[in-house]
Every structure is written in C-alpha cells, then in structure tokens.
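Hey, can you work out the whole structure from these sequences and the hints?
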Amino acid sequence: MYISARERNILHQLLQHKDGLTIPKLAQLLDVSTRTIQRDLKGIEDILAEYGLKLNKSSAGLVISGGPSEQEKLLGFLQTLELNEFTPEERQMLLLAILLQHREPLKLFTLADELNVTVATISNDLTRAEAWLNGFRLELVRKRGYGVQIIGRESDIRRAISQLLAEHLTESKMYRMLSEPLDDWEQTDAISERLLHLINLELVRNIQEVLADFRKQMVEPMADRAYIGLIVHLTLAIERIRQGEKIEIDPSYLSKLKMDKEFELAADLARRLEQKLGMNIPEAEVGYMTMHIRGAKAHIETESLLEESNFQLGVRVKALIHEVEKSLHVQFQDPSLFQGLVAHLKPALYRIREKMKIYNPLLEKIKQDYEELFHVVQVKGNKVFEPITIPEEEAGFLVMHFGSALERLKRKRTLKVLVVCSSGIGSSKFLASRIEKEFPEIASIEQASFFELGEKNLHDYDLFLSTIPLHADVKHFVVQPFLPPHEVKQIRAYLDEKLREPSAVTETGQASLQVAEGGSNVLAIERFAHFAKLNQDIYQVLSHFQLIQVERGISIEEGIERICRSLEKKGILTNGGGVAQALIERERAGGVAIPNTSLALFHTRSRDVTIPYFAMYEWGTPSLRKGMDNSLILVERVVLMLAPQDLEEVRLEYLSHLSTLIIESEETMRLFERASEQAVFARIYESSQAFVQEKINKDG
Numbered sequence: 001m002y003i004s005a006r007e008r009n010i011l012h013q014l015l016q017h018k019d020g021l022t023i024p025k026l027a028q029l030l031d032v033s034t035r036t037i038q039r040d041l042k043g044i045e046d047i048l049a050e051y052g053l054k055l056n057k058s059s060a061g062l063v064i065s066g067g068p069s070e071q072e073k074l075l076g077f078l079q080t081l082e083l084n085e086f087t088p089e090e091r092q093m094l095l096l097a098i099l100l101q102h103r104e105p106l107k108l109f110t111l112a113d114e115l116n117v118t119v120a121t122i123s124n125d126l127t128r129a130e131a132w133l134n135g136f137r138l139e140l141v142r143k144r145g146y147g148v149q150i151i152g153r154e155s156d157i158r159r160a161i162s163q164l165l166a167e168h169l170t171e172s173k174m175y176r177m178l179s180e181p182l183d184d185w186e187q188t189d190a191i192s193e194r195l196l197h198l199i200n201l202e203l204v205r206n207i208q209e210v211l212a213d214f215r216k217q218m219v220e221p222m223a224d225r226a227y228i229g230l231i232v233h234l235t236l237a238i239e240r241i242r243q244g245e246k247i248e249i250d251p252s253y254l255s256k257l258k259m260d261k262e263f264e265l266a267a268d269l270a271r272r273l274e275q276k277l278g279m280n281i282p283e284a285e286v287g288y289m290t291m292h293i294r295g296a297k298a299h300i301e302t303e304s305l306l307e308e309s310n311f312q313l314g315v316r317v318k319a320l321i322h323e324v325e326k327s328l329h330v331q332f333q334d335p336s337l338f339q340g341l342v343a344h345l346k347p348a349l350y351r352i353r354e355k356m357k358i359y360n361p362l363l364e365k366i367k368q369d370y371e372e373l374f375h376v377v378q379v380k381g382n383k384v385f386e387p388i389t390i391p392e393e394e395a396g397f398l399v400m401h402f403g404s405a406l407e408r409l410k411r412k413r414t415l416k417v418l419v420v421c422s423s424g425i426g427s428s429k430f431l432a433s434r435i436e437k438e439f440p441e442i443a444s445i446e447q448a449s450f451f452e453l454g455e456k457n458l459h460d461y462d463l464f465l466s467t468i469p470l471h472a473d474v475k476h477f478v479v480q481p482f483l484p485p486h487e488v489k490q491i492r493a494y495l496d497e498k499l500r501e502p503s504a505v506t507e508t509g510q511a512s513l514q515v516a517e518g519g520s521n522v523l524a525i526e527r528f529a530h531f532a533k534l535n536q537d538i539y540q541v542l543s544h545f546q547l548i549q550v551e552r553g554i555s556i557e558e559g560i561e562r563i564c565r566s567l568e569k570k571g572i573l574t575n576g577g578g579v580a581q582a583l584i585e586r587e588r589a590g591g592v593a594i595p596n597t598s599l600a601l602f603h604t605r606s607r608d609v610t611i612p613y614f615a616m617y618e619w620g621t622p623s624l625r626k627g628m629d630n631s632l633i634l635v636e637r638v639v640l641m642l643a644p645q646d647l648e649e650v651r652l653e654y655l656s657h658l659s660t661l662i663i664e665s666e667e668t669m670r671l672f673e674r675a676s677e678q679a680v681f682a683r684i685y686e687s688s689q690a691f692v693q694e695k696i697n698k699d700g
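Residue numbers (the UniProt record's numbering): 1 to 700.
Just so you know, not all the hints are guaranteed correct.
With a Cα cut of at most 27 Å, we get these calculated DSSO-like pairs of lysine-lysine [as the list claims (entries may be wrong)]:
hint, residue 1, residue 2
1, LYS416, LYS355
2, LYS475, LYS456
3, LYS326, LYS456
4, LYS276, LYS246
5, LYS216, LYS246
6, LYS73, LYS57
7, LYS355, LYS383
8, LYS246, LYS256
9, LYS246, LYS355
10, LYS73, LYS25
11, LYS326, LYS355
Treat the hints as calculated values from the structure; they're not laboratory data.
Okay, here's the thing in structure tokens:
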C-alpha cells in the first residue's frame, strides 16, 4: 500500500492524540494549510479501513476509533514501511548522506530522481541543508552545468558523516548493527537503510573483532557510547582511505600527540587493523585515532589529582560546584559529585578543545525537565572554564551529574521544618511554599498554629520558623511570610551548619574522637596505628605533618631544595636533590599556585620517596608564582605532598583525597591559608577518619 509522507504524519499525530485533534491544530502541527489536510482525509479513511479502523469527527476534532490491537498494528506498519516519499527533513538528511559519500559533483536532476521529487524541491532542500554543513566548516558548491558538491577538509567531512549517523540512527539501532546477523538488516526502515549505506557493515564487524580484543588490554574502561563512536570513526576512516582520501594533521601537533601514552595504544590498534584488513594505515590516521581514544575514556586515573593538570581541573570543578551552589542556594557536600565531574570532564574538555562533535540524545528532555539547572550549569560552566565554551550537549551531561547530586541531597538528610503563624493557615502556607523553593534539601515541612505548639516536641525539627515572636526554649527564626533575601541568607547559613554537624556517635556505635586546636595529636595518631597499609600511610602522614616557618629572604626554589635535603637525612627521601628538581620542573611546566588563595601545592610521585609525606611551609618572604589559571599569585604558604611511585589503588585514592581536601570548599581553603598547625591537623585527621570509615562501610 502506498502512503505518502504527509499521510504517515497525519496518522502518527492522530494515533498519539487519542482524544482528538481539530483540523486547524493538525495543520499547525504539520505546517500545512487546513485545505491540504481536508484533501488528504479521504486517503486517511481508506488506510484506516484496511485495518478495521474509522475516522470519526467529533466536537474534539478528528479521532481514530477502533480496537487497541488494530491501532498497534497500524502503528507497527507505519514504522516498518519502506516509504516512497520522504518528509523535507528526511530528504535533507538523505541528500547530505548522498553528497558526503560522493567525491564527484552530482547533477540536480540525478538527486531529484533518486528521491522522487522535482528539481525545484531538491534546490530548496539544499538551501536548508547548507546551514547544517556550515557548522562543520564545509561548503556546498552549486554551479550550473557542474552540479552539486560538498567541499572541505577530510577531517571535517568525517565529522559531518559521524554526526549525521549519531543524529538519525538511534542507540538501539547502533547496538543492533554490532550484534545482529547482517541478513536481519534487510528488515530495517528505509531511512536507516539509506544511512547505513554510509558505512560498510561487514567492515564494522571486522573492526569490532579487533577492538574487542584491544579493549580488554586497555587499563581504563571505555564507555559504551564512546566505544560505538570509535568503531564508527575507524569504519569511516578505513572506507575513506580505501577510496584514496587522505587526512592531514599539523606536524607539530602530531609530534605532541606522539608523547602521549594513548599514541602507543593507537599505533598498536593500527597494526592490528592492518593485519586484519591487509592495508596500510598512515601515521596521520594514527594521530586522529589517538585523539578518539583519549576522548573515549570512561574515567581518569585513580591517582589523577596527584597529576598537575588534573589538580588544576579539580580546582575548576570545585569552582563550578561552588557557583552552582550559590545560584541554587544549596550545599552539596557530595564527594561523588566532585569525583564524577572530574572523571567526566577530563575527556569531555579534550573533545571540546579538539572540536570533536558531542552528541547527547537526551538533550531536549534534560532542558525540559531541568530548565533552571541547565541554564545555571551552562552559564557558570562557561564562566569557570573560560575561554572554553561549553556546548549545550556537554552542558546536558553536566546537568545529569548535578541532578543526581540534588536527588542524593534530598535522600541524604530528611530535614524537618516546623512553620508557625497565628492561625496555622494562610501566611504559613505561603511561607512553606517559599521554603520549598529556596531550600530543596528540606524533605518535610509541617505547619501549625500558635495554639498547637504545646502538642509538638520542638526538638524533633531541624528548623523552626515563625511569623510571630515566640518564647521557646529552642532556636527559632522570626521571619516574614515572603522570606526576603536577608532572611534566606540567615536560614541558609544555619542549615549549612546543620548539614555539617557530625553525629555524636559513629556508625559503629563508638564515640567519635574530637581533635581540638591546642590538643594533643598523639591519641589521634594512635587511632590509626593498628590498620594495615592504608592506615600505615595515614599514620605516616599524620606523624610527619607540620607547619614549618621558612626564614625571610629564602626563595621558593632554594627552600624546596633545603626541605628535600632535610627529608633525605630523615630517610623520607633517598635522593633529595632529584625530588627537588622534579618539583621545580613541575612548576615550570605549569602553575602550582591555587587560584583565589595564597597557597601553592608542590607535589610529585617518585621512586625516591619512601613514605607518603604531607606538610606545610609558611614562607617568610611571600613570592609571586604562576597560578593554575596562569595568573600571578602571591604565595605565602606551600603545601608539599610527596608519594612513593608504586602504591595500591586505595592508597593512591587516599593521597588524592588529601589533595582534594585543600580545595574542598571556601572554608577549607581559608583554613589551609591561615589556620594554626593544630587546626589544620584536626581537619586532616577528621577527613582521614571519614575516609577510612567510608572504606570500612563500603567493604563491609
């Protein structure tokens, strides 16, 4: 049965809107005139009759009547039918697919014949498709007597083909492509079948076989979507090489890529593909493969924050979290949010810098469901990561991290609030609605009148608000029903303190040891002495922690050398000069001063380090140093963190945790900047204790 594209669209709309659609509304949805809809109704009635269905006209408009099973059969038929006519959007997509495949110009009448439309229609479709191509720096050339051709760099043509596939082949179809027998693909719909002509399915399977074995040897896992993306990239690359197309890469950039460990992986993968496919893969292609492997990592190394570039990323991630917290009036205090963002952003920022196309199939739903959060994340992300511009697709992925953290925040603490006014209704309800908006972490809001207070145990509530003055023996706030900004600020500060309050008893039921400024460190240190290797590391960190004054007139370079020589004498280092040189060279390679502080973090991993070491040095003469954001920062305190080269994952995780602690919040940054040795020690101890407890709970 022949069904035009417009008839298909009309049927889809009517099947979706079971309560009916008026002809004007239907015309609006399909962007046609009401007369066009009326003209098509006879054909619609004939199609419905074939399936035992009828088109009824009621006050609600046009309604399809008939059994649910018959309607399901019709819907299934519409989805699988190979169409002889395409919508304008489908035609534009197919035109792009055809033109991107061909190296030679094509005549307009050839394209018109291919898609069963007039030359004028094709010309109009090409005008619309041109804007899409411009986004890839590609030019659509149209000349009389010459034809139509897409002109541009090979790398941009490949990006365009990859994006076309990503936009119009669903993830489920991609999985089918990789898992089902090739013969089954004859059953696919016409649009997918046309798009799949862009890639050789047999070649896809051969590449997948090579990659499956290669993937097992990768230290870091690769996300499924990235894995599919790499398969598509390699398929297109090999197809284009076979067609004689050569990709170019800047020689200096290629030299830089060769220094990355991923280049070795890419070269190994290229050798495997050459053996499997019996062909030569040029070095420029290996460079692009390197970029895709780097951009496909599912997460960064465990020891990531011990690497300079990743600590800089950590600083920016903390800044982003802080900006979002300020905008949403929440406080996450969620290590998994920070870790998830760092893990996600390292490969993501690489993809953005390299102008690798990012596709987010959930983008529209994310923008719809998290409208305010999406706006905040995109604006603040562009601010924090300037000069990089965060595209909408990437902002959508970041919103998923923040959205999950907000959900965890709601589950984490069921803060209870009591709202009181003289009548128990009216103003208290208005106030309750304001609280819900300003403080999403509050799970329960109870309203009461003044005379009902005697029936309440006020100690059962985390927050007590009233619109009238009260004589109560618990802390409460007298507020206005519309909750002006200064009152929001007061309540926010109070709730933040509430969320930070440690439990008086730990999960094991034992009293938590409090280390106060001015108290002894010995008991606190001994708490960790009985643990195995991890706790031995913590024991070493706490035992050697000091805040040491450096005399005036000593440069940071000279001071670092003196410190390392001293640590060698103590047996902490085996080669103090070598470690000092490594620390100084690391600073030259990139800034070590932490933005918005007077701190610098010097850290390294080396075989010359015997035990983990963490200490602080107060410089008598502050020094201007290059910051992690490339600004100049006046450094007054230096944090020195040294780690042995070979450590198990959990021990590396602890040292990474320590480096994160410095930038955990505005409060901790100020603490490391200004506080006494005992105060900083107490914070390190508390954080180390929490780290161990988390590990015990997780493993137990």
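Hints, verified against the model:
As the CA atoms of LYS416 and LYS355 are separated by approximately 47 Å, the hinted pair breaks the 27 Å bound. Between LYS475 and LYS456 the alpha-carbon distance is near 15 Å, which keeps this suggested pair within the 27 Å criterion. For the hint linking LYS326 to LYS456, the alpha-carbon distance of about 34 Å lies beyond 27 Å, and the restraint is violated. For a cut-off of 27 Å, the pair hint linking LYS276 to LYS246 stands: about 21 Å separates their Cα positions.
Under the criterion of a C-alpha separation no larger than 27 Å, the hint pairing LYS216 with LYS246 is inconsistent with the structure, at around 30 Å. Distance hint between LYS73 and LYS57 is fulfilled; the C-alpha atoms sit about 22 Å from each other, no more than 27 Å. Using a Cα cut-off of 27 Å, the hinted pair LYS355 and LYS383 holds, with the two alpha carbons roughly 19 Å apart. As the CA atoms of LYS246 and LYS256 are separated by approximately 21 Å, the hinted pair is consistent with the 27 Å bound.
Among the hinted pairs, LYS246 with LYS355 is consistent with the structure: their alpha-carbon atoms are about 19 Å apart, no more than 27 Å. In summary, the hint linking LYS73 to LYS25 is supported, as the alpha carbons are separated by about 25 Å, within the 27 Å threshold. Distance check on the hinted pair: LYS326 and LYS355 sit about 31 Å apart at the alpha-carbon level, beyond 27 Å; violated.
Checked against the numbered hints given earlier, this structure breaks hints 1, 3, 5 and 11; the rest are met.
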